[in-house]
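Per the numbering used here, the sequence shown starts with residue 15, numbered consecutively.
Each hint can be trusted.
EDC-like, lysine to aspartate or glutamate: derived pairs with alpha carbons at most 16 Å apart:
#: 1; residue 1: Lys78; residue 2: Glu68
#: 2; residue 1: Lys78; residue 2: Glu58
#: 3; residue 1: Lys78; residue 2: Glu62
Label pairs and their computed distance ranges (CB to CB):
#: 4; residue 1: Ser33; residue 2: Tyr64; range: 24 to 30 Å
#: 5; residue 1: Val65; residue 2: Ala35; range: 30 to 36 Å
#: 6; residue 1: Arg63; residue 2: Ala34; range: 29 to 35 Å
#: 7; residue 1: Val65; residue 2: Ala32; range: 22 to 28 Å
#: 8; residue 1: Arg53; residue 2: Ser33; range: 30 to 36 Å
Don't read these hints as lab results, they were simulated from the structure. Just so it is clear, the structure is predicted and the values come from calculations on it, not from any experiment. Virtual Cβ for every residue (Gly too), placed ideally from N, Cα, C.
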Amino acid sequence: MRIIVVIIRFMNTHKPPASAAAIAARPVVQSQQLLGGQRQIVIEHHGERYVLRETSQGKLILTK
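All chains, full assembly: derive it from the sequences and hints.
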C-alpha cells in the first residue's frame, strides 16, 4: 500500500477588515447620484472604462 501526502499551502492575501470608525469616516455617495436615473453608466478610471449597472434585483455590478 502506498500513501501519497499532498500539502496545499494557502496564502492569506486578504486585508483585515477596516474598523467601523474608519468606514464611518469615508465619504458616502448615493448610487442614485452616480446613476442619475439610468440603469448603467460608464466610469473612466486611469484611462480604463468600466460599466456600473444596476440589476433587476437592485444590486450593483461593476465590469471592465
